[in-house]
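Colleague: Quick note, the sequences are listed as chains X and L, same order.
Heads up: the first sequence runs through residues 702 to 784, numbered per the numbering used here.
Heads up: the second sequence runs through residues 1194 to 1532, numbered per the numbering used here.
Some hints here could point you the wrong way.
Keeping only pairs whose Cα atoms sit at most 20 Å apart, straight-line, the calculated DMTMM-like set for lysine to aspartate or glutamate is [to be verified]:
no., chain 1, residue 1, chain 2, residue 2
1, L, LYS1256, L, GLU1211
2, X, LYS708, L, ASP1409
3, L, LYS1443, L, GLU1467
4, X, LYS708, L, GLU1321
5, L, LYS1452, X, GLU705
6, L, LYS1421, X, GLU760
7, L, LYS1421, X, GLU705
Since the hints were derived computationally from the structure, they do not count as laboratory data.
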Amino acid sequence: MSKELEKAGLPVALISAMFPVAQQVRANRIVKGVSIPHPCGDPNLSKELDARLRREIIETALRALEAEVEGPTLFSPAIATGG
Amino acid sequence: MIKIVHVVNQFFAGLGGEEKAGLPVGVIEGSAGAARALETALGGDAKIVCTIYVGDNYFHEHKEAAIKTILDAVRAAGPEVLVAGPAFNSGRYGLSCVEICNEVANRIEVPCVTAMHQENPGVGVYREFANSRLYCLPTAETITGMTDALSRITTLAMRLARGEEIGSARKEGYIGRGIRRLEKTDQRGAVRALDMLLKKLNNQPFETELPMEIWDDAPPAPALAQVKDRNIALVTTSGVVPWGNPDKFKTYRNTYWRKYNIAELKELEPGKWEAVHGGYNVAYMNQNPHYGVPLMRSALWKRKERSVRANCTRPITSSPAIKVRRRSCAASVRKLPQT
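Work the whole structure out from these sequences, hints included.
Modeller: Okay, structure coming up:
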């Protein structure tokens, strides 16, 4: 889906916990998600940390949209993930 | 006596060349035109009950009507197997052969055989369909390969008509569809894997049992100079949809997308949204739909302070557990809102 959108000229930030698969199928702007049941945040963290993580993931996705890329590129949110 | 229906274009029906490419679907009893050679190749055990022809242009310009007429004709004839082509390297003809076979195989559940050159655009579509009842044999580029093509079509068609088991593409010589099949062997997987590994280490050729699909690159879209004043669409396969699942998504193998308006929402409230998905535990997502649909205005507002405004006013486009092939993805993309 993201590749077809990119082909149509729209930059896509693909947030995925399965980022190795996204790389394998050659998506262009890949944002590292946390985990399959909760890619955009982490319920194991405290409320505050989870909110910071979620914000960081969105920020990373927006940065990916603003980045010129040559091919499949992985963007990693800066905050350490996991419990 | 085995009954076969043969589908050809206007040329092979003997009705004319490019000037007749607009001919609608027609049915001729028995075999017809250049296609008579198929009946000869079949010998005495099978007969062509009818030849269905359609103009190369007509099919692609009136696909729905053409397919309907063809399906009716095939149902009326009640064949054991359908043959389309061979199409060699004729693009429109190859595409129509594959599309007709796919419909017949799906709707009437009759096995189908077609044949064309490897570079015919029909081959790409055939691979996308990956229809277990549809077989495409490779041919030469031009009609000079007719005799060989007919003999291979005949052999495969007769085996299908008799209900014989057809082996792998590699063994049988049809063009691979990317379907993984179960096979019985006398050696355990561990032994086979080690054999392959040893061959690999010794730089000897070996054949994998699980060929991986090779994906082509999509040229990256240009970056947004800045996200300020841009509309951003949220597209998700997390399965997050309004509570009650109004569009009746299944938990697996969905084939459509729906848009939900989030323009006025500050956040997705738990209890108003639910995740419909059979592929992961949706408990976290139901507690907080933002784990799947990262609508977080505060994050976007933060960027506003840095004089960047991301405007999240487009609806989310949602489809749980999407099971679509790339062709239908492209069709979905064309229907998405412009941003």
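Colleague: Compare the structure with the hints numbered earlier in the document and write down the numbers of the violated ones, lowest to highest.
Modeller: Checked against the structure, the only hint that fails is number 7, while the rest are satisfied.
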